[in-house]
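As you go down the protein sequences, you meet chains U and F in turn.
The first sequence runs 23 to 299 under the numbering used here.
The second sequence runs 23 to 299 under the numbering used here.
In case anyone wonders, no lab produced these hints; they're calculated from the structure.
Be aware that a few hints might be false.
Identical copies go unnamed one by one, so any copy, or any two together, can satisfy a pair.
The calculated DMTMM-like cross-link candidates involving lysine to aspartate or glutamate, where the alpha carbons are at most 20 Å apart (straight line), are [as the list claims (entries may be wrong)]:
| id | residue 1 | residue 2 |
| --- | --- | --- |
| 1 | 190 | 280 |
| 2 | 215 | 33 |
| 3 | 190 | 155 |
| 4 | 64 | 261 |
| 5 | 64 | 280 |
| 6 | 190 | 213 |
| 7 | 190 | 252 |
| 8 | 64 | 250 |
| 9 | 215 | 102 |
It should be emphasised that the depicted structure is a prediction, and the values quoted were computed from it without experimental measurement.
Number of protein chains: 2
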Amino acid sequence: MRTVEIGSAGDDRLADYTRLTDAGLRTHLEAEHGLFIAEGTKVITRAVAAGYPVRSMLLGRARLGDLPALGEACQSMRQDVPVFVVPDDVAESLTGFRVHRGALASLSRRPLPAVRDVVGAVRRVVVLEDLVDHGNVGAIFRCAAALGVDAVVLSPRCADPLYRRAVKVSMGAVFAIPYARMTGWYDGLAELKASGFRLLALTPDDRAAPIAGALCAASRVALLLGTEGDGLSARWQDEADLTVRIPMNPAARAAGVDSLNVVAAAAIACHLLTQPD
Amino acid sequence: MRTVEIGSAGDDRLADYTRLTDAGLRTHLEAEHGLFIAEGTKVITRAVAAGYPVRSMLLGRARLGDLPALGEACQSMRQDVPVFVVPDDVAESLTGFRVHRGALASLSRRPLPAVRDVVGAVRRVVVLEDLVDHGNVGAIFRCAAALGVDAVVLSPRCADPLYRRAVKVSMGAVFAIPYARMTGWYDGLAELKASGFRLLALTPDDRAAPIAGALCAASRVALLLGTEGDGLSARWQDEADLTVRIPMNPAARAAGVDSLNVVAAAAIACHLLTQPD
Chain U
23 MRTVEIGSAG
33 DDRLADYTRL
43 TDAGLRTHLE
53 AEHGLFIAEG
63 TKVITRAVAA
73 GYPVRSMLLG
83 RARLGDLPAL
93 GEACQSMRQD
103 VPVFVVPDDV
113 AESLTGFRVH
123 RGALASLSRR
133 PLPAVRDVVG
143 AVRRVVVLED
153 LVDHGNVGAI
163 FRCAAALGVD
173 AVVLSPRCAD
183 PLYRRAVKVS
193 MGAVFAIPYA
203 RMTGWYDGLA
213 ELKASGFRLL
223 ALTPDDRAAP
233 IAGALCAASR
243 VALLLGTEGD
253 GLSARWQDEA
263 DLTVRIPMNP
273 AARAAGVDSL
283 NVVAAAAIAC
293 HLLTQPD
Chain F
23 MRTVEIGSAG
33 DDRLADYTRL
43 TDAGLRTHLE
53 AEHGLFIAEG
63 TKVITRAVAA
73 GYPVRSMLLG
83 RARLGDLPAL
93 GEACQSMRQD
103 VPVFVVPDDV
113 AESLTGFRVH
123 RGALASLSRR
133 PLPAVRDVVG
143 AVRRVVVLED
153 LVDHGNVGAI
163 FRCAAALGVD
173 AVVLSPRCAD
183 PLYRRAVKVS
193 MGAVFAIPYA
203 RMTGWYDGLA
213 ELKASGFRLL
223 ALTPDDRAAP
233 IAGALCAASR
243 VALLLGTEGD
253 GLSARWQDEA
263 DLTVRIPMNP
273 AARAAGVDSL
283 NVVAAAAIAC
293 HLLTQPD
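Required output: the full structure, derived from the provided sequences and hints.
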């Protein structure tokens, strides 16, 4: 690790950190250069521990005190990582948000494993169909990892778990649980079925079976969670072995409170999914 | 209901809607005038159905199509509610955020009931200590209401459930579940204890008892949830009958994922709390 003082936001060496708040631009930039951004010493440390190589780090002058901890995180890497130290206002103008909370790191992505490789030897899988909100994806990864789900599988269009906000909300849990992305949506579940997973589609629909009762029997379970607005597609509900629901309070339904948000539902479902039989 | 065209953001009649994004200012304004803001036809309808009187509504021209549904919501009120119709740019400059999503309504608060009145005849209560984030408060109300918790009790400094963002995130669940605010923090739990509630303090602490096992026995349970950063105060943990935890995956703990966010934890705890014995 070596510190490099940079005075201007236009410096080419800072290109990885440009316009971090522009999701559209970032999606292109990160895919093209195979990178992602982690924030804060704790999360950066977890990313490094999970084996992601650091391209560089960015530190506002106000947070120079973080250097020793960052150095410690990087010790395992045997790599000469540049730490760009910039005036705080330059850091903020560059990234579009406040950096006084700590360091940023740009890390290299790794090739994602195939679905069969992450689900091969495991029992409890969560499958996310087309979630749009990066914060929700991060929060669900945090639940899944903390509670002991074995792996996460994403539909082709599901939001990226390594996007900055997902990484941040997950508190680094996106590095702690194996995940893979399906290559096709329409037949994406076939592979899980063929591997002996019982597919449970979570829905707020009253007619679905209570989830707790559906979990006891099966040895391999894949829980399907749908997008924030519309829930699971008809295709995936049809493909599932069973649709399941978290029981709601009838009085609340009558008052119009008839569902949980996707993270709360995922938390409860992951908890039930990971209970010992 | 009668529509009133207003052309300028400076018009005194729009005072309820000024600077909605300024939390500090709003806290004063709303307390002083005893009002709160609800967004969108669905949530406004729920507030009206719960008995909150409407002071006025605000509609950008682009959303004039919402008028019939809003009129329907107000029918029960027998009240002459002004609906201020303003150009979209005026609405946005006034409120500081995009109003094309629908109407805003300013509603009157009602005196909060005393703690003893909301917990008097119920079995399952959630108690929030000093939560700071309005979104988290709203999300926890949504979980509590949807899953069938009977009432919510707030510490004196806990964020306001009727603040705009809390109302929005709750999807109107803040109107669907009775709640009260303690008058004192230090002795706030004494009243619940005296009413025969078993107090369970939720913590990520490894040494606490698994929550599921702690719930079977007691007939009246109050679940204590602490602030986002520091968790429950030492005082409240001492006052509790038992500290409880949601079991975490040991491998995740080793990788640094050692807790759930407060909403995910609340969702799981509310689910367990409301299971039939």
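Comparing the hints with the structure gives:
| no. | hint | in the structure |
| --- | --- | --- |
| 1 | 190 <-> 280 | between (30 Å within a copy, 15 Å between copies) |
| 2 | 215 <-> 33 | neither (51 Å within a copy, 62 Å between copies) |
| 3 | 190 <-> 155 | both (13 Å within a copy, 17 Å between copies) |
| 4 | 64 <-> 261 | neither (40 Å within a copy, 33 Å between copies) |
| 5 | 64 <-> 280 | between (37 Å within a copy, 13 Å between copies) |
| 6 | 190 <-> 213 | neither (31 Å within a copy, 39 Å between copies) |
| 7 | 190 <-> 252 | between (25 Å within a copy, 18 Å between copies) |
| 8 | 64 <-> 250 | between (29 Å within a copy, 17 Å between copies) |
| 9 | 215 <-> 102 | neither (45 Å within a copy, 59 Å between copies) |
Consistency with the previously given hints fails for numbers 2, 4, 6 and 9, ordered from lowest to highest.
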